[in-house]
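Following the hints, put chain B in place on chain A, whose structure we already have.
Protein chains in written order, with our numbering: chain A, 1 to 283; chain B, 1 to 343.
These aren't lab readings, by the way, just hints derived from the structure by calculation. It is possible that part of the hints are untrue.
Among chain B residues calculated to face chain A with C-beta under 8 Å, some are [unchecked claim]:
| no. | residue |
| --- | --- |
| 1 | F12 |
| 2 | Q15 |
| 3 | K208 |
| 4 | L211 |
| 5 | R226 |
| 6 | V237 |
| 7 | R287 |
Predicted model, so just to flag it, every value in this text is computed and none were measured. Note that the Cβ used here is the ideal one computed from N, Cα and C, for glycine as well.
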Amino acid sequence: MYPLVSQSLSLGYDGKLIINNLDLNIPEARITVFVGSNGCGKSTLLKSFARLLKPQQGSVLLDGEAIQKQSTRQVAKKLAILPQGPAAPEGLTVYQLVQQGRYPHQGWLQQWSEEDERVVNRALKSTDMHELMHRTVDSLSGGQRQRAWIAMTLAQDTNILLLDEPTTYLDLTHQIEILDLLYDLNERENKTIVMVLHDLNLACRYAHHIVAVNNRTVYTQGLPERVITEKTVKDVFHLDCHITQDPLFGTPMCIPHGKGRHVREKAKRTDKNSQDTYEAAVA
Amino acid sequence: MDKLLTFRTSLFSVQIHPGSLKINCLLILGTLVIAVLSLTTGSLWINPLEVITEIADPNKGQHTFVIETLRLPRVVLSFLVGGALAVSGLILQNLIRNPLASPDIIGVTSGASAAAVFFLSFLSGTLGTEWLPVAAIIGATITSLVIYLLAWRQGMSPIRLVLIGIGLAAGLGALTTFMIVLSPIATSMMAYVWLTGTVYGTDWQDVKALLPWILVLLPAAFLMARTINVQELGDQVAINLGVPLQQARFLLLAISVALAGAAVAYAGAIGFVGLIAPHIARQLVNRSFAALAPASMLIGGSLVIVADTIGRTAFLPLDVPAGVFVSAVGAPFFIYLLYRQHR
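Just chain A, with the same shape it has in the complex (with noise of 0.2 Å):
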């Protein structure tokens, strides 16, 4: 069963084609990450899939109908999407931005529900924002801001859910976090989850099914150890590289070829070296 399913789309802004002709399918229950270098389209792709963007050709189907042809409430509640670097008004606090996540489900007369607020602290709780909820979201550090909006979009309470480069901008200790949070939301919930990423390698350790975009279209796509190759890495990202096992988690690892310095067979040498100059520099 396929939640998101794209049927001959193509994609554009100003007449510039930029997804020709594309069928893809979005897996129920897993993590899908779309890889693919600067500007070829995989984030405009992900727009298209949460009718951020209307398609110049062909359609994104949402639970087998149209997207575009649903109501933008329907859609909204039963998918959602953090786009790339959100910003919150100053002065926001994490909680009301949270709630805004419940917009959807809200009326004129139901503005505050007890399912409202029970989503809400769910939200608040499974991203470890309950501490923080009183603090103003531009008083935040990246990480704590980025799980912020995260809990939002999970206030919206769907099981679709579709993240732009949310790792973006973060160091390396809350970039895990983050994809931590995410894989625990899937494993735990069996949330649909799709996003685009730009490390390869961690791609690779969280999605089940990797989606690489070159040339306008989907060049592979599949488990990541199988797709995943050198020439995959030549192709899509023009880059040489050697692909070996990450050590700790047995997914692919993509080294890349290129310039640096080179320590393995040239250690002895090194450390004699400095040796000889540090000893010249002493006498």
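The following block gives chain B in isolation, referenced to the frame of chain A:
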């Protein structure tokens, strides 16, 4: 942070921020005090108690003419004008996500001004001055529509709206000045007073004409409160949450234009209220529109009442346009608040 109060029945539920509720109640009280004080002052000083008994029972007092006919409509109109401009500015600032937005930006003030000056220069000979507000509203509406249409390119983006609005306002400003220079001295005096903003010579007719606008537009804005809150999070987040963005924006702009246009039509170009009242409100109550709108309205209304009271009493027998003192009272207070906030 204060605790939140929740009210729930099977059909209805709402959450209230008690701090904001308290501030809004205090603001209502403050506005009433300001209104009564304004009614007492003038070339004839009337005891506040007398003012209150007079309003409670118009047949009893001795100052019926001064209060009921001269001062009260002027105070009420000042409040409505200030309140309408403040809420209009608040909606715009949220819509454009820029705290410097004000009704000037969407062409309301510049369009109304150009139309009003055109009317005073060329048409007031043939049509009576009671048509001046109509001319101003037409000018405001046409200008806002032109700005909106020029800013439209596969949807309306707020930043294009601002840029085009500033450009058009500059052009209309030039046109207005040109018309003033060309017209006879008496007309240009009237035009100047109108451009500064004044509630001089207000009667109950004006209040009756403006009130329906406010009574329709304010509840409309309130019904969109949640949408206003959500759209402040950015276009993509708003669409994600299920807001029909272009539709909502058009409606909000229309409400904002109509509020400001109606206010400007009856009191001239008192634009500054729309900029500062929402800012002051933001310092006092929490960020949700439902708390900000009444606070902005009360602050904007009080500001114009105070400005007009100073204007008509400080330089007797001169009646200085309220617009002068809106800026004179508002600007220092505004700077003080910003200073306090950044300390």
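Q. Against the structure shown, which of the earlier numbered hints fail to hold, in ascending order?
A. When the structure is compared with the hints, numbers 3 and 4 turn out to be violated.
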